[in-house]
Amino acid sequence: SQQGEEDPQALSIQEGENATMNCSYKTSINNLQWYRQNSGRGLVHLILIRSNEREKHSGRLRVTLDTSKKSSSLLITASRAADTASYFCATDAKNSGSRLTFGEGTQLTVNP
Amino acid sequence: NAGVMQNPRHLVRRRGQEARLRCSPMKGHSHVYWYRQLPEEGLKFMVYLQKENIIDESGMPKERFSAEFPKEGPSILRIQQVVRGDSAAYFCASSPKRTGGEFQGQPQHFGDGTRLSIL
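Protein chains in written order, with this note's numbering: chain G, 23 to 134; chain R, 14 to 132.
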């Protein structure tokens, strides 16, 4: 598997439910970031968690990071139809310069 | 504040032609990154530039692809003699300073991309 691999590939839920997406990676990182992409648009930064942090919150978003397992999760609570998008994790690996390595993404569909 | 501006949004070229993609970073940003996205896939890093310098081009194909970020004007990603496999969405991102290493992380700000189609 490649760096920054999301699971599941696709997720369909009803409005009001919570959505959880997972990301696994391989190398040591400086930080891990989550981005959102609406169809036909660019990526929008959601949240950044540093390697020395374990959990971070931003509004309805909660991100966890487990560096021992090289994994992260993104939780969206009380989902809305407008949350429908693709979600990507991206790792800023140590000694990688400034490039981000993206996973393949999770396509989230929130049904009204 | 204008975000990262990319143009054109859509570009159609025939095989063998040249494609020039432009990116104007956010105001105050001097670091530019180019990524390529194939359908149903994540973004793949291509090149990282600062004004007048290529910092990391480890993701760039060795032939036909080049990038620049001149002192004045936008960053340009140039693809010569395009082939069908070059069809993809090309995204540019910018940041005010380096986003990795000792700075412990800053987000990159993305444009809406250029969708390149090769006939």
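FYI, nobody ran anything at the bench for these hints, they're computed from the structure. Be a bit skeptical, because a hint or two may be false.
Subject to a maximum C-alpha distance of 25 Å in a straight line, what follows is the list of computed DSS-like cross-link-like pairs (lysine-lysine) [to be verified]:
| # | chain 1 | residue 1 | chain 2 | residue 2 |
| --- | --- | --- | --- | --- |
| 1 | G | K48 | G | K78 |
| 2 | G | K78 | G | K91 |
| 3 | R | K110 | G | K116 |
| 4 | R | K64 | R | K75 |
| 5 | G | K78 | G | K92 |
| 6 | R | K75 | G | K92 |
| 7 | R | K64 | R | K84 |
| 8 | G | K78 | G | K116 |
| 9 | R | K110 | R | K40 |
| 10 | R | K110 | G | K78 |
| 11 | G | K91 | G | K116 |
| 12 | G | K116 | G | K48 |
| 13 | R | K40 | R | K75 |
| 14 | G | K48 | G | K91 |
| 15 | R | K110 | R | K64 |
| 16 | R | K64 | G | K48 |
| 17 | G | K116 | R | K57 |
| 18 | G | K92 | G | K116 |
| 19 | R | K57 | G | K91 |
| 20 | R | K64 | R | K40 |
| 21 | G | K116 | R | K84 |
It should be emphasised that the depicted structure is a prediction, and the values quoted were computed from it without experimental measurement.
Taking the hints in turn, this is what the structure says about them:
1. With a CA separation close to 21 Å, the supplied pair K48 (chain G) and K78 (chain G) stays within the 25 Å bound.
2. As the CA atoms of K78 (chain G) and K91 (chain G) are separated by approximately 17 Å, the hinted pair is consistent with the 25 Å bound.
3. Of the supplied pair hints, the one linking K110 (chain R) and K116 (chain G) holds, its CA atoms being roughly 17 Å apart against a limit of 25 Å.
4. Of the supplied pair hints, the one linking K64 (chain R) and K75 (chain R) holds, its CA atoms being roughly 22 Å apart against a limit of 25 Å.
5. A hinted pair counts as satisfied when its Cα atoms are at most 25 Å apart, and K78 (chain G) with K92 (chain G) qualifies at roughly 16 Å.
6. Taken as a hint, the K75 (chain R) and K92 (chain G) pair is broken in the structure, with Cα atoms around 32 Å apart against an allowance of 25 Å.
7. For the hint linking K64 (chain R) to K84 (chain R), the alpha-carbon distance of about 6 Å falls within 25 Å, and the restraint holds.
8. For the proposed pair K78 (chain G) and K116 (chain G), the alpha carbon gap of about 21 Å is at most 25 Å, so the pair holds.
9. Our distance criterion of 25 Å between C-alpha atoms is met by K110 (chain R) and K40 (chain R), whose separation comes to about 12 Å.
10. Distance restraint check for K110 (chain R) and K78 (chain G): the Cα-Cα separation of roughly 23 Å lies within the 25 Å cut-off, and the hinted pair is therefore satisfied.
11. Proximity of K91 (chain G) to K116 (chain G) is assessed by CA-CA distance (about 17 Å); at most 25 Å being required, the pair is judged to hold.
12. Under the criterion of a C-alpha separation no larger than 25 Å, the hint pairing K116 (chain G) with K48 (chain G) is consistent with the structure, at around 11 Å.
13. Annotation: proposed proximity of K40 (chain R) to K75 (chain R) is violated, straight-line Cα distance about 31 Å (limit 25 Å).
14. Proximity of K48 (chain G) to K91 (chain G) is assessed by CA-CA distance (about 9 Å); at most 25 Å being required, the pair is judged to hold.
15. With a CA separation close to 11 Å, the supplied pair K110 (chain R) and K64 (chain R) stays within the 25 Å bound.
16. Of the supplied pair hints, the one linking K64 (chain R) and K48 (chain G) is violated, its CA atoms being roughly 32 Å apart against a limit of 25 Å.
17. Simply put, K116 (chain G) and K57 (chain R) have alpha-carbon atoms about 17 Å apart, close enough for the 25 Å limit, and the pair holds.
18. Restraint check: the Cα-Cα separation between K92 (chain G) and K116 (chain G) comes to about 13 Å, which is no more than 25 Å; the hinted pair holds.
19. Of the supplied pair hints, the one linking K57 (chain R) and K91 (chain G) holds, its CA atoms being roughly 24 Å apart against a limit of 25 Å.
20. Note on K64 (chain R) and K40 (chain R): the hinted pairing holds, with a Cα-Cα distance of about 13 Å set against a maximum of 25 Å.
21. Of the supplied pair hints, the one linking K116 (chain G) and K84 (chain R) is violated, its CA atoms being roughly 29 Å apart against a limit of 25 Å.
This entry does not satisfy hints 6, 13, 16 and 21, going by the numbered hints stated previously.
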